[in-house]
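J.: Residue-level listing of the chains:
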Amino acid sequence: MDYLLTEQQIMVRDLARKIAKEKITPVAAEHDEKETFPWEIMKVMAESDLCGVYIEEKYGGLGGGAMELCLVTEELSRACGGIAICFAATALGTYPIILFGNDEQKQKYLPDIASGKKLAAFALTEAGAGSDAGAIATTARKEGDHYVLNGVKQWITNGGEAEVYTVIAMTDREKGARGASAFIIEKGTPGFDFGKKEKKLGIRASATRELVFNECKIPKANLLGREGMGFIVAMKTFDKSRPGVAAQAVGIAQGALDHAVKYSRERKQFGKTISSFQGLQFMLADMATEVEAARALTYSVAKMVDTGAKDVSKESAMAKLFASDVAMKVTTDAIQVLGGYGYMRDYPVEKYMRDAKITQIYEGTNQIQRNVIALELLKEQLRG
Amino acid sequence: MNIIVCIKQVPDTQDIRINPETNTLMREGVQSIVNPFDMYAIEEALRIKERLGAASTKVTVLSMGPSQAEEALREAVSMGADEMVLMSDRAFAGSDTWATSYTLAKGIQKLGKFDLIICGKQAIDGDTAQVGPGIAATLDIPQVTYVKKTEDIKEGLAKFERMTEEGYEVIETPLPCLITVVKEINIPRLPSLKGKIKAKQSKATVLGAKDLEVDPDRLGLQGSPTAVKKIFTPPKRTGGQVLQGEVPDIVNKLADSIKDVVISVSKT
Ligand SMILES: Cc1cc2nc3c(=O)[nH]c(=O)nc-3n(C[C@H](O)[C@H](O)[C@H](O)COP(=O)(O)OP(=O)(O)OC[C@H]3O[C@@H](n4cnc5c(N)ncnc54)[C@H](O)[C@@H]3O)c2cc1C
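Quick note, the sequences are listed as chains A and B, same order.
The numbering of the first sequence is the working numbering, which starts it at 1 and goes up by one.
The numbering of the second sequence is the working numbering, which starts it at 1 and goes up by one.
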């Protein structure tokens with residue numbers, strides 16, 4: 001399908017595809033098996049100028065937006081959803097600075113992220129605060145020209161590997177949701193440590209760790225936006241980044257479909273290739289149609305984000321919800337196409353299913369996406 | 001330092017299918033790529049440039065071929081090469097390795113001062129490995145073939161490791177010189193986005209026969225004395241001897257055969 005991409009977007013997509021095929025595919029299984037962080041791929045990404053596709057040219061990026069972020073994430077995910085998220089989670093950690101940073105903060109942090117010298121991460125979740133983000137217990141206490149942070153963030157993607165963290169903490173508990181603020185915290189700041197690396201079902205190349213703040217003192221200049229804007233920062237960030245998760249899901253689904261189609265033409269049963277059985281053809285046709293529908297929705301929302309539409313919460317949630325459900329279904333069906341071989345770790349398809357599952361969970365579970373969509377629907381009805 | 005990299009656009013052999021009826025190559029729809037060995041040549045030029053400093057070193061990529069060959073040159077620019085020159089003219093059509101070497105050498109002379117010419121060891125569509133050495137011969141400069149490492153390079157002097165069947169030789173040579181490189185020398189980088197954008201905006205300098213000081217009789221088909229009689233795959237080297245049986249027997253057999261070798265060598 002032709003999505004009328006610009007010449008530059010095609011260039012970005014093709015380069016990401018080349019990296020995926022030549023550099024990621026050969027190492028994906030090993031990083032999955034050993035749960036090792038793909039630094040060598042991050043280096044290739046940096047050398048190819050792909051790390052800053054969504055960052056302004058002024059700060060060393062390419063000057064693209066959500067569409068470019070989606071194209072790269074999708075292509076990388078087609079080879080490995082775990083490696084792709086190391087790139088996409090950096091975008092998640094960077095968006096708060098892009099959206100709410102002042103020029104000084106942008107000058108300080110964006111060029112190194114755009115050049116791939118540094119990775120970023122975004123930290124909201126805590127043990128007691130998942131879907132209910134308002135329940136976070138990490139605090140930031142103001143002390144003169146500083147804030148002092150205390151608390152533990154849980155399951156932070158790129159935790160320990162990234163240099164730059166955007167962290168949501170309570171500056172005023174009394175105010176509830178209006179009492180949260182967003183901060184930029186650098187790795188190596190005294191009082192900022194990492195917990196153990198989590199063992200996961202999928203996206204095992206990515207690192208997921210706790211961030212531990214113990215009387216961690218940071219300058220006032222590291223506050224993003226104003227005090228009390230923490231949840232606005234988080235929600236606006238998710239609006240922009242959810243198409244990226246959708247793109248990850250589309251890529252994972254496409255990768256699994258590619259394998260299924262190829263395998264169906266090779267495997268023979270009853271004296272014929274299994275691709276000659278209509279029962280299987282119909283499965284492949286459904287999978288392909290769903291992947292394309294997910295891609296079309298994802299790209300449309302990315303384009304909407306890039307045209308500067310003010311409110312994209314509903315559409316963004318729809319893309320993430322739909323594409324991740326498609327990824328789960330298509331990867332499950334891809335295993336079915338391969339039969340027992342699909343279930344074996346010697347074949348790459350079971351990994352796609354394990355990697356797909358996370359896209360239904362993070363950056364808001366799919367139940368939470370439905371909440372967002374329904375809430376917007378009802379608001380629209382009220383407005384008439 | 002001026003480095004010139006000679007590259008060739010070739011059909012992607014991974015893409016080629018054989019027509020089962022006529023047993024000929026089906027070239028239609030086959031993608032064109034930069035000759036894989038030339039990718040190592042481009043990469044080596046870029047590494048030398050990084051080593052010597054980008055400001056003082058220029059990498060020019062040169063190709064003889066039809067206008068589509070500009071795509072191959074663009075790929076080199078997207079990796080980081082500075083300039084591209086395409087030698088394209090009907091008069092060059094049908095060149096064998098003799099005429100090609102001559103034409104490329106004349107093109108290189110036209111470009112002015114150069115210090116190092118790098119070629120891939122051979123092109124995958126002809127496999128002759130003749131053009132690199134042919135250019136050096138025409139230009140009357142030293143050549144080092146099958147280079148697997150650039151040990152040292154500075155103004156006027158360079159040291160290379162050259163692969164041989166038994167091991168390698170270290171060769172020091174004055175510059176300008178020509179080297180051909182093998183795949184062991186490096187891992188070619190992928191293009192960068194900024195490089196790709198630059199490549200898209202750049203245009204190759206095109207040189208035709210009239211731009212060169214050449215003997216027209218030495219160009220193209222009429223300048224090509226090669227006649228292909230037959231193309232065949234040389235017989236595979238036979239594997240070594242496999243000794244089988246119980247371990248003590250094997251050891252004895254091995255000792256005997258080593259003795260034979262030692263005796264026959266000491267006799268010669
Ligand atoms: C691998 C991985 C990486 C992650 N990376 C990051 C990261 O980089 N940064 C970060 O901040 N967080 C990260 N997270 C956290 C992630 O965003 C949360 O796991 C997610 O928001 C869900 O929270 P929870 O796991 O606590 O589930 P819970 O909130 O406990 O939900 C449990 C179940 O209840 C359902 N549920 C909860 N509330 C409602 C409701 N109101 N209506 C209907 N159903 C509901 C949920 O949908 C879910 O099915 C990561 C998580 C994982 C697993």
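Any given hint might turn out to be false.
[What the hints assert, rightly or not] Dumping the calculated DSSO-like pairs for lysine-lysine here, alpha-carbon to alpha-carbon at most 27 Å: (1) A/Lys117 to B/Lys198; (2) B/Lys58 to A/Lys108; (3) A/Lys43 to B/Lys183; (4) B/Lys253 to A/Lys43; (5) B/Lys149 to A/Lys43; (6) B/Lys198 to A/Lys43; (7) A/Lys357 to A/Lys34.
No lab work stands behind these hints, which were simulated from the structure alone.
J.: Give a verdict on every hint.
T.: Going through the hints against the structure:
no., hint, result
1, A/Lys117 to B/Lys198, "holds, 22 Å"
2, B/Lys58 to A/Lys108, "violated, 33 Å"
3, A/Lys43 to B/Lys183, "holds, 22 Å"
4, B/Lys253 to A/Lys43, "violated, 52 Å"
5, B/Lys149 to A/Lys43, "holds, 23 Å"
6, B/Lys198 to A/Lys43, "holds, 21 Å"
7, A/Lys357 to A/Lys34, "holds, 19 Å"
Hint compliance for this structure: hints 2, 4 are not met, and every other hint is.
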